[in-house]
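Colleague: Keeping the supplied structure of chain S fixed, place chains A, Z and C upon it in accordance with the hints.
4 protein chains.
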Amino acid sequence: MDRLRIGIIGLGWFGEIHAETIAGVANLELAALCTRTPERLAEMGEKFGVKKLYRDYHDMLADPNIDAVSICTMWDQHREPAIAALKAGKHVFLEKPIASTVEDGLAITEASKSAKGILYIGHIVRFNPRYRMAKQAIDEGRIGKIVALSSRRNIPAAWTPTILDKIGPIVGDAIHDTDIMLWFTGQRIVSAYAQTVDVRGLKHPDIGQTMYRFADGASATLETVWCMPEKTPFDIDERMSIIGTEGIIHVQDTFPNLGIVDGDRLHSPDTTYWPMFEGVRGGALRDEFTYFATCALDGKEVTIGTPEDATAALEATLAAEESARTGNVVRIG
Amino acid sequence: MDRLRIGIIGLGWFGEIHAETIAGVANLELAALCTRTPERLAEMGEKFGVKKLYRDYHDMLADPNIDAVSICTMWDQHREPAIAALKAGKHVFLEKPIASTVEDGLAITEASKSAKGILYIGHIVRFNPRYRMAKQAIDEGRIGKIVALSSRRNIPAAWTPTILDKIGPIVGDAIHDTDIMLWFTGQRIVSAYAQTVDVRGLKHPDIGQTMYRFADGASATLETVWCMPEKTPFDIDERMSIIGTEGIIHVQDTFPNLGIVDGDRLHSPDTTYWPMFEGVRGGALRDEFTYFATCALDGKEVTIGTPEDATAALEATLAAEESARTGNVVRIG
Amino acid sequence: MDRLRIGIIGLGWFGEIHAETIAGVANLELAALCTRTPERLAEMGEKFGVKKLYRDYHDMLADPNIDAVSICTMWDQHREPAIAALKAGKHVFLEKPIASTVEDGLAITEASKSAKGILYIGHIVRFNPRYRMAKQAIDEGRIGKIVALSSRRNIPAAWTPTILDKIGPIVGDAIHDTDIMLWFTGQRIVSAYAQTVDVRGLKHPDIGQTMYRFADGASATLETVWCMPEKTPFDIDERMSIIGTEGIIHVQDTFPNLGIVDGDRLHSPDTTYWPMFEGVRGGALRDEFTYFATCALDGKEVTIGTPEDATAALEATLAAEESARTGNVVRIG
Amino acid sequence: MDRLRIGIIGLGWFGEIHAETIAGVANLELAALCTRTPERLAEMGEKFGVKKLYRDYHDMLADPNIDAVSICTMWDQHREPAIAALKAGKHVFLEKPIASTVEDGLAITEASKSAKGILYIGHIVRFNPRYRMAKQAIDEGRIGKIVALSSRRNIPAAWTPTILDKIGPIVGDAIHDTDIMLWFTGQRIVSAYAQTVDVRGLKHPDIGQTMYRFADGASATLETVWCMPEKTPFDIDERMSIIGTEGIIHVQDTFPNLGIVDGDRLHSPDTTYWPMFEGVRGGALRDEFTYFATCALDGKEVTIGTPEDATAALEATLAAEESARTGNVVRIG
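Protein chains in written order, with our numbering: chain S, 16 to 348; chain A, 16 to 348; chain Z, 16 to 348; chain C, 16 to 348.
No lab work stands behind these hints, which were simulated from the structure alone. The model shown is predicted, which means the values in this text are computed figures rather than measured ones. Fair warning: there could be bad hints in the mix.
One copy or any two copies: either way a pair holds, since identical chains are not told apart in the list.
Unchecked claim - In silico DMTMM-like links for lysine to aspartate or glutamate, alpha-carbon gap of 25 Å or less:
#1 Lys-150 / Asp-285
#2 Lys-315 / Glu-61
#3 Lys-62 / Asp-154
#4 Lys-246 / Asp-180
So here's chain S without its partners, still in its complex pose (with noise of 0.2 Å):
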């Protein structure tokens, strides 16, 4: 078998991105999707020129022509279809956060040991290449210890109003540094205090401010704006710096790289996660499907994206949304 097929569970906003970079990657083959609106399923169906459609992912995963699923359901409603796919004998792509609570990433994870696919989850940002370059260089030991990490993560105001009826900024995106400083220190996190504010009164907060405290006495600050005004230039403003005891890091995802003022503005748009060209996405998230489907072909390990990982990173989140709820710091562990 040279090509994986796969089918996507899942054709919100994200669902169609995976498949428009799935398009892109030569071992995979999009073969079925899965949604349960039927419109939306025929319109996909026409636009990516797929078959297999399904309004229920049972009917998908009992396919045996169907290698492979990936997961952009609801991050709460993970946990049944991913265990499915799994004991279904399926390679699963599985959307960060992993899962809504520890206890379901747990069980999620409990099921990939015994499974005869892999399971991947999607932590895109590991896949980027300012912070793999990061990494070699932390695991090379250039800066020395790790002593303190900030972060930033913020975006438009207007692409959030949906997603913060679903999820807030830590465990939406906040999740996305804690895995990579996490993955960069080496070691757990043990405490969490966030402060959140509230700008446009939806169900999540616009905007969350956190810190964490890493068990070798490390210390982290978060930043994740979800309201960033109409005229920012920025698609992302990502940014981190890791500072070391013999050297330091930074990372910057925005202008100068690029800046394209128009009639309307300085736009900043993200060339690194999933830009479009000619119809098919490439990027990060090209790499990262590359690097599910060569594992599943290869039978490699994966060793990025672990839902071990994915469950820790997920913890902490979780405690610092507690922290910003209660006023108090939260221990971990």
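Modeller: Only chains A, Z and C this time, still in chain S's reference frame:
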């Protein structure tokens, strides 16, 4: 009187920088110096061509031909000389922090109420033109209501071992950003949470990460790393972002502003605060002294660097330090 | 005499900026104004509280209570007032370019030789602290011998239609970078090649790209775009790189230095040259006037902004404009 | 056929990078290697686990189980292997510049017309996502008509002594920006003027500064410095600005994108072109090979990296080099 005759009390490294700056201020005349160490006093007297040299500041204050003093003693030795100078009718330029305790800050403030001279507290960042222009934009309503802020003020490890015996990075440096945030928001700070990291085992920890809550719900994080590694290009890695409901302001005083690659490495020297050209210092410190001299000579009220503002910034940073020591959130006021 | 009583000749937009700046210079007193238009003269007199108002500069020069003049007339109307002012014994601050022809520049220079007052040509960029610090680094030998330079000095289209009726971007703006490059290299320019682009059909082309060869073989490119589109964030997109055999210097006076996103777009206003705070202008223009006043009052020789340097910069930029007109490389000297 | 079996002709440093990249392309199989030096051939064969090793490329071309070749010989040794490979029916990935003379470029182009296989010229910058997105914005009319461009592509001195024995910075590197500018404007270049600086006395000068005029009047400057000093943070200091009548685009592939301060200095390594992670290279080079393989396997026409475009870029850069040698403006076409 066209020029204010000024004396400096305290001739550590920053007292010397005061002297190098006063030399370039047209309406100031450096007329006297005071420090306890005779050798240092003689050396500085010769360097600046100053004849009136004192080992006891009371003697300087007794001189009727001295109009003003700048006080650069240790931060916990501010109360006595400041109050004595005010009582002696001198104009007083007092370095920040106003004092080492809120009680001292209030006593100095109180003494200034009945004084003949003016009292200015050296919160130099208010004379950084980026922050001044940001303040103008905020006051014009261009970014709406401020909902979140974040700042960084990091300096090289090589500069701090001596300072860290006297003061830590939160009260020592985050107080700048605290003052600016209070100025920008026009709000009180109601709670502080902070974490410190002790990297080198000096008297104070090297790193502080602080989080504030403002009375109207705005939230802020402040980073102060006093151990940037040897090869960092930055004299100061200084940044602030102010998130408003209608706009955002970004300030950054580092490379690419100015970068000098020489045989050693990339350097990004400060050109904003007290750059020295041909033996005289300019920048924000000169603007600060010009403001001080102009207020004193023209009888204008001091509205920047008031003791009330300085005491509020002190109170918040001391609360942050208490939080870092105890691990608890500290409520203020 | 503690303060120099100064008059301004020419009250266009930049004459007004001179006035707004002089107000913040302690050793200058704005004592007189001169322009041909009575309404403008009255309006400016009222705005700045100046009593001595002249429509003919000869009358101002005849006043023994005027010590100095700043000349802001059109660049091709510099020769007469400058020489007259020097002959009248006044100190002269003459805006750049020194003149519109090399012949005029030489005549002004000649007149300054026998004058009682000093002559300073307003090459303001020499008071930008980034370039001053760069010059120090170069003089200290930190980047070795300069082998190549490149610069950009671009401004918004909205600012230039009126200016483009009077002067083009090479003589108008690249002259700044030409002067700086001559200062940094200590070399003569031996040839110029330039291309212009006429975008809006105004009297002068909107864009100039210039290339110089220096006597020692160093090479330089200079970009001046006077038609940055409406939504550009930059007041000035100003950059210079200096390549040496042992090092490199980069200067950039734009975002991320300061960025203000408001309801309109991202703005990156200039805070270096003449930022206005509370009605008074500071920055490099104030430093320039302070330098001028201090040289005049203290009898110090003018070493920055000499007419010789200003004429050399004029000669090179005029050669570049000739090259752009003829399509040929123009040899100098 | 699902995977293209590819051989590499020429195993210098870049041939090896090709091999390290092909290893990560799902629809390519590295099947053969060819170089004249037996030791190098054996070493590379072992490193990449390739069994088919040739010292004469004709032998590789005779193998019916080789579908494609990448040609990494010296730029003046492109014509013969490229034409031979096309005649042998192979798909050809030919490194840029297409050749060392326009005549050779035309001959290779001609050979590709009747060939069974596709011909792709490795203009890698077209796969940098910043430029691709810029091209999209230009094609959408977002910046209006392009009136001026400027670029920089500078690399460290330490990398270039060997290369400078073979090729200079204008044809060697400015050809990238030349190709991109031709792509962006859709215009011909009608004249070139260039200046070079010889810093180290190697076979070719270290620095090139080039100016182009486009057929529609647009003007461009291109900087290529191949002697950035030892301590420069940049692997590549790469920037381009595109000035349109309605907008501007800025591209910059350097710090602050990624900066690593270690015990040595600040490093800003390239993460765009061929970053290596776990022994395999990704980035634009992988995207280029993926594009090549996909065109070849799916029978799609090559529209990026055509020999016509590559020859036009070669012609312009050769004209610039002639200008630098003669001191005259060189007209093209």
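Colleague: If a hint holds in the structure, say so; if it does not, say that too.
Modeller: Results for each hint:
1. Lys-150 / Asp-285: both (21 Å within a copy, 15 Å between copies)
2. Lys-315 / Glu-61: between (34 Å within a copy, 22 Å between copies)
3. Lys-62 / Asp-154: between (43 Å within a copy, 24 Å between copies)
4. Lys-246 / Asp-180: Intra 23 Å, inter 34 Å, cutoff 25 Å: intra-copy only.
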